[in-house]
Structure formats: C-alpha cells, structure tokens
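> Protein chains in written order, with numbering that gives the first Met the number 0: chain A, 0 to 135; chain B, 0 to 135; chain C, 0 to 135; chain D, 0 to 135; chain E, 0 to 135; chain F, 0 to 135.
Derived from the structure by calculation, the hints contain no laboratory data. Check the hints yourself; a few may be wrong.
No copy is singled out in the list; a pair is fine if it fits within one copy or between any two copies.
DMTMM-like mimics (lysine to aspartate or glutamate), calculated; alpha carbons at most 25 Å apart, straight line [said to hold, decoys possible]:
(1) K50 with D104
(2) K50 with E105
(3) K30 with D63
(4) K30 with E84
(5) K30 with D18
(6) K30 with E124
(7) K75 with E131
(8) K89 with E6
(9) K75 with D86
(10) K75 with D21
(11) K23 with E54
(12) K121 with E22
(13) K53 with E116
(14) K62 with D21
(15) K53 with E26
(16) K23 with D74
(17) K50 with E116
(18) K89 with D74
(19) K48 with D104
(20) K48 with E26
(21) K62 with E116
(22) K48 with E116
(23) K48 with D63
(24) K30 with D74
Note that the structure is predicted; figures quoted are calculated from it, not measured.
There are 6 protein chains.
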Amino acid sequence: MFITRRERFNAAHRLFREDWSDEKNLEVFGKCSNPNWHGHNYIMFVTVKGKVSKETGFVINLKDLSGIINTRIIDKIDHKNLNLEVDFMKGRIVSTENIAIAIWDELEENIRQIGAELHCIKIVETENNFVEYYGN
Amino acid sequence: MFITRRERFNAAHRLFREDWSDEKNLEVFGKCSNPNWHGHNYIMFVTVKGKVSKETGFVINLKDLSGIINTRIIDKIDHKNLNLEVDFMKGRIVSTENIAIAIWDELEENIRQIGAELHCIKIVETENNFVEYYGN
Amino acid sequence: MFITRRERFNAAHRLFREDWSDEKNLEVFGKCSNPNWHGHNYIMFVTVKGKVSKETGFVINLKDLSGIINTRIIDKIDHKNLNLEVDFMKGRIVSTENIAIAIWDELEENIRQIGAELHCIKIVETENNFVEYYGN
Amino acid sequence: MFITRRERFNAAHRLFREDWSDEKNLEVFGKCSNPNWHGHNYIMFVTVKGKVSKETGFVINLKDLSGIINTRIIDKIDHKNLNLEVDFMKGRIVSTENIAIAIWDELEENIRQIGAELHCIKIVETENNFVEYYGN
Amino acid sequence: MFITRRERFNAAHRLFREDWSDEKNLEVFGKCSNPNWHGHNYIMFVTVKGKVSKETGFVINLKDLSGIINTRIIDKIDHKNLNLEVDFMKGRIVSTENIAIAIWDELEENIRQIGAELHCIKIVETENNFVEYYGN
Amino acid sequence: MFITRRERFNAAHRLFREDWSDEKNLEVFGKCSNPNWHGHNYIMFVTVKGKVSKETGFVINLKDLSGIINTRIIDKIDHKNLNLEVDFMKGRIVSTENIAIAIWDELEENIRQIGAELHCIKIVETENNFVEYYGN
Chain A
0 MFITRRERFN
10 AAHRLFREDW
20 SDEKNLEVFG
30 KCSNPNWHGH
40 NYIMFVTVKG
50 KVSKETGFVI
60 NLKDLSGIIN
70 TRIIDKIDHK
80 NLNLEVDFMK
90 GRIVSTENIA
100 IAIWDELEEN
110 IRQIGAELHC
120 IKIVETENNF
130 VEYYGN
Chain B
0 MFITRRERFN
10 AAHRLFREDW
20 SDEKNLEVFG
30 KCSNPNWHGH
40 NYIMFVTVKG
50 KVSKETGFVI
60 NLKDLSGIIN
70 TRIIDKIDHK
80 NLNLEVDFMK
90 GRIVSTENIA
100 IAIWDELEEN
110 IRQIGAELHC
120 IKIVETENNF
130 VEYYGN
Chain C
0 MFITRRERFN
10 AAHRLFREDW
20 SDEKNLEVFG
30 KCSNPNWHGH
40 NYIMFVTVKG
50 KVSKETGFVI
60 NLKDLSGIIN
70 TRIIDKIDHK
80 NLNLEVDFMK
90 GRIVSTENIA
100 IAIWDELEEN
110 IRQIGAELHC
120 IKIVETENNF
130 VEYYGN
Chain D
0 MFITRRERFN
10 AAHRLFREDW
20 SDEKNLEVFG
30 KCSNPNWHGH
40 NYIMFVTVKG
50 KVSKETGFVI
60 NLKDLSGIIN
70 TRIIDKIDHK
80 NLNLEVDFMK
90 GRIVSTENIA
100 IAIWDELEEN
110 IRQIGAELHC
120 IKIVETENNF
130 VEYYGN
Chain E
0 MFITRRERFN
10 AAHRLFREDW
20 SDEKNLEVFG
30 KCSNPNWHGH
40 NYIMFVTVKG
50 KVSKETGFVI
60 NLKDLSGIIN
70 TRIIDKIDHK
80 NLNLEVDFMK
90 GRIVSTENIA
100 IAIWDELEEN
110 IRQIGAELHC
120 IKIVETENNF
130 VEYYGN
Chain F
0 MFITRRERFN
10 AAHRLFREDW
20 SDEKNLEVFG
30 KCSNPNWHGH
40 NYIMFVTVKG
50 KVSKETGFVI
60 NLKDLSGIIN
70 TRIIDKIDHK
80 NLNLEVDFMK
90 GRIVSTENIA
100 IAIWDELEEN
110 IRQIGAELHC
120 IKIVETENNF
130 VEYYGN
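Isolated chain A (complex conformation) (with noise of 0.2 Å):
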C-alpha cells in the first residue's frame, strides 16, 4: 500500500555552475541561468510505503507525514533562495533533480522512524515538467 502526501512550496533559484561564464551558463541551462534569479510553485509529492495497520487501518498517520515534511522540507525552503539559503541545497546545482534527491536525503532516515518506507519524491516545477526519484 503506498499512501502520498502533497506539500507546496514557492522558491527562488537559478540553475548555472559557478566555474563556468554566464555566456557559457546560458548556453547550457537557457533562461533558467538568468543571474537575478526566477521562481516556481514547487509542488512536492512524498509517497511511503506500508503495510496498513489493523489497529487503525493507516498505513502511516498522515499527520506525522506532514509533520515531518513542514518541520525538515517545507520550513527551510519555502519563500527562500535555493541556492543561498537551504542548507540541504548547499553545493549541489539546483536542477529539479538534485532538489529530489537532496529532499529524498533528508526525509528516508525520518520515515522509517515512523514505521514507513519512503517510496518516491516527486517534484513538480511547472504544468509541463517534473520529476520522479525512488533512491538508488
């Protein structure tokens, strides 16, 4: 049984490598290198794994899910600048990608401490593009 829980989150970021011009940036990561900075509606889907408890017929209560998500996740970097002020960012180039791993980092070790299995982080950055990430 997999139950997915959808949080939200509006940030500021900007994809480009420090080592490389802004020519160079540009080229590579197209608009989304702007150096002023663009923004999203990050839209983030936790989904865990369980077996469903006889006790109370949840698989995880969705409550400490949240919990769990606005205390690590949502808290640190919403209304923020990927790329200056989350520490779980620090170092990584903030593609989507990389937010969906760097959120699946923070959250595994949490979920199993609540007796779930964490399945997929999903991260959603406009209507027509997102990504899917299942650990490795």
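Go by the hints and put chains B, C, D, E and F onto chain A.
Relative to chain A, chains B, C, D, E and F alone:
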C-alpha cells in the same frame, strides 16, 4: 499496456473504532473522528493491464470497465455513508487505505472475467492526499 | 481591484425538509436527500474589492483575510455535519446556495472592518457545479 | 462577447519597501519580504471584449492577442526578477495587484489597435490567491 | 444568485469559409483550417441566475438544468463534427465565439421555462483560451 | 531518476475498422466510430529515465527532449486527422493504446541518442481515461 478509468463518488464517513472512547478516537484520528460525520468528493482511478487486441486496438472496452465499476462500486457508495450503508466496508475502519483494499476485492474477479487484470486502485481523498493499492 | 482567497472544507450534509416525507425529499432532492448523509470537499472563493494601498500595494493583507475566513467559517464547518453542527446554518436547507448566503452574512461585516468590501462568495460543490453570490 | 487568453511566466520577486527596515517589512509582508527573493509560476488571463466579426467569427484573432502579450509582457518578465529587471515594474511594490495594473497599462493601447477592448487582467499567484483588475 | 453547471463534449471542427481558397483560410485561421478536421475536448459552463426558493433552497434544480443541456446540446454535438452534423451550427463559422452564441440561442427559452434566467455561456476550447457570452 | 515532459495536441479521429460495417463499428466502438470524426485535446506525458549528470544536474536537457517530441510527434499530429494524415498511424486502429505504442516507436531511438532511456508514454484522452505504455 495499462489503461485507467476515473470515476467519482461523494460520501460521508468517520474514522473511529467503536471500542475506543471519543477522546481516544480524537487523539488518533483527529477531526476525522467527528461523531456527526464529515465527507469528501472521492476520486477513484481503476487501472487494468493487458495486451492490446489486434481486432479492436483496445486492452479492454472502457464501456465494459466503466459498467463494472458503476454496478459494483459507484451505485453502492455514491451519496452514501461509508460507515453505515456500504456492504463491502462493514467491519472495516473507513480509512482511504481500507476503501482501496475493499474496492480491489470487489473488482478483481469481475475484471478478470472481461479479459484484463486489475493493476491498481488509486483513491484521492483530498487534493493533498491519496493512496495506491496494487493487491498483495 | 478584486482579490480572491481560496479556502477548502470537507463536510457532511443532507438536502431535505423535516416537514416532508422521505419519499417527497427523494423526489425533489434525489440522492442528495440520503438520510444517512453524504459529503463533499467544498472549495470556497472569497472575493473582496477595494483600492490598492499606495503604502503596501495591497487591497487587503491576505493574511488578515485568511484569518477572518478561518476563524469565522472554516473552524466551524471543516470536518463537520453542516445540518447538525454549524450555528449559522441552523434552520436553513443545506443547499450550496444557502451555504453561500450564510457565509456572506458571516463575513460581510468583518471584512468591512479591515477596510475592504466583500464582493463574491463562490462555493464549488463538485467539479460540475458551483454557485456565486454577490449579496442583495 | 469576451475572449480570454492564458499565458504563464515564472519569476522571482520580493515584497518590500526600501524605506522600511527588514523588521518592518517582515511584519507587514511576512515571508514574502525575504531579502534573498522567492518566486512563483504566475498564471495570467487576459480578457478582451468586442463584437464577433461576421467575416471570421472572431472577436479577435488569438494569434494576434497572444503575439502582443508575448512581445509586451512575457518576453520581459518570464524567468526574470520582477523587482530588478522589469521596466514597467520600476518604482512599484511588486504585489500581485500592482503586477496586474502594470500589465493592464502595457496592453491596453496595443489591444485597442487590433480592434478590441481590454476587459480584465487576472493574475494567479498561487492556487489559493489571485487578483482581477478591470481598469479604472 | 448564480449557479453554474459544467458539461463536456468532444467534437471535430474546422475553421474556414467556403468562399475562400485554402490558402486564404490558412492565412487567417492558421492550422485550425486543416481541411481534414481536428478536434477538442470542449468544456461548457452554463450559468443561470435567479432567486433562491424558500421551499427548496435552490435557484433551479440542477437535475432539470442538466437535463435541458443534455437534450438540447450535448446529445447533438458530443462525438460529432461541428461543421457537418449540428443543426444549430449550420451556416456559421465554427469559432468558439459562434459555438457560444448558438448554444445561448438554443438554451435561453428552455431555461426561462423552468423559472430561471440564462446568464452566461462559457466555452473552454483549450487550457489556454475560452470565451464568455452574456447574450445581447 | 525519472523526468517527464508534458506536451499537448488537438486532433480528430475515428475508431473503426474498414472491414466492418458501420453497424458493427457502432456496436463495438460506440459513438467513437462516428463516420464524420470527432476529436480531443490529447495530453501526452513522455517519461525518460537516466542518471543525473554531475556536470549539469540533469538527466537530460528538457530543451532537447521537448525538441525531439515536437519534431517527431507534435508537428505531425497537432491539428491533424489521426486516421488520414499521420504517417506513423497508418494501418493502425486509432485507439489511445495504439497512439501510445506508435509514439513510443517514434521516440525510443531518438531519446537513446541524446543519452537517456524512454520509460513511459502516457496519453490522456479525456479527464476520465488515459493509457500508459512502457514498451515491450
């Protein structure tokens, strides 16, 4: 090849255990344990898998699939109280997880009889949470 | 300038008149008159109008508007039975139209006190129907 | 007859006044005043009104309307910082209200030149809030 | 009080004038003039206005409204070719504007007969464009 | 890591077999066999899988993926008749299942050439039905 049919039902429910006090139910299930019920616009996605017929280009005729879902499920739960009025929910805590399992159990054999295999029952309770069940 | 805040509530209800038989209620209200209740994920859009403040660029601070809507409405109706538990619905048939009127009556004066004018209450009951009330 | 074209832009912004301290900005604008910016997937609906042409069945050719919106607005604000890089936002607090007014001012004359009348600029900032501006 | 019913229809159409060459049609109507047709999932919103009945809490019984829309409109245009098969589109260029006007003309009198007043026909052709017609 | 690009196309089609009578086609395919065509706003989701590049943070540059999808698919089917005008649909019944298979066959090799692996083609025909194809 996987093909999915979406159907909807609006129903009342309450999350609670009869053998627990109202206080215990409130503690575990939160406002979902309100004794006077609350309700949802549930969205259900039924996914079946199968081979594509050379004759029709179909895995399954969606008219047949929709017919089964409506006869076996929607007619019994739409505009109903899931705790009080639905035979296949009797004796189960009415969590989204248990709704998905019960619907799987109702549909699996019927879908096999029209030549396809039930793959997934997805139940969306609110825009922020849903479950997916793939059988066991 | 018009600004709109969306809020959501999940509630049970029944369409019926106490002075009618179950048969008459069924005839007029259809399956919405089910005596054991059913429910919806209601979506509410509260639109206010006003001038844009030179000081803040706002018609109204959405934090204030959201605060009023939550205190006056959401806290009273979310995860509740609209027929049995909501003071401002007492004595009214719980149609979408009457929900909109009752919410208008609850909010109008409070919104005036924070310097704006209530313009429209829109209540979406299902993806196929909604009402809009502009006062009278 | 009213016809509406939807366009989207992803941009960074910050709500603040230069003549206020960070504390005052935080108090009034909340986390939207974050000095390192945040951002949104803005959705814009441009509604024009006019008579339906007997010759074409159109109020306006949407290709022309979309062309004007893209040249005058989207090219200037998509993947940009609304505070720093957009000529028509200079000197304005970057609230959703002011974005709508500024876009109205940019488009009104151009739309008149292709034979229609601008009726409404609707800007959706998040799924929970939007503004509508009808000129003054 | 305004109440809106959503209905959907999937249809083929072509934008063109018989008295123009294919080149002229292509120039004015673009790829929408493709001689072999193309199609859409049209979404229609029918809004009526009226007083709320003290007896039922309804402006109008949505079952009646939906019945009229299906009999008069959906049965005639769903899974049809709007240029070739729909009586009320005969002699009209099949633009979204003209579809809205024709549907208004079909529904206005019938809705008056069930005690309400037609207020708006909204036709959504794609996620990026729609028209709204309020009669004349 | 999986990354998905959404693209859309509006097209006419008809479900039928030339070697069957209109009656037989109507019996099997229902109103989808209308001889004068009907149409849809199809939504396509192309999912590719691959490793995240240390250099760019990307599985694949979405600009490249979108370019391939548009050149190989969208340019050939948008605003077209899927039965009459699309080379890769020739000789196939134009079911949603067969559209997904044909698009898979068109894209698989091209996506491999830009360093990723095609994982899934999802085609949404209406809000109530979609197919997913993972190759064979």
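> Would you list, in rising numerical order, the hints stated earlier that this structure does not obey?
12
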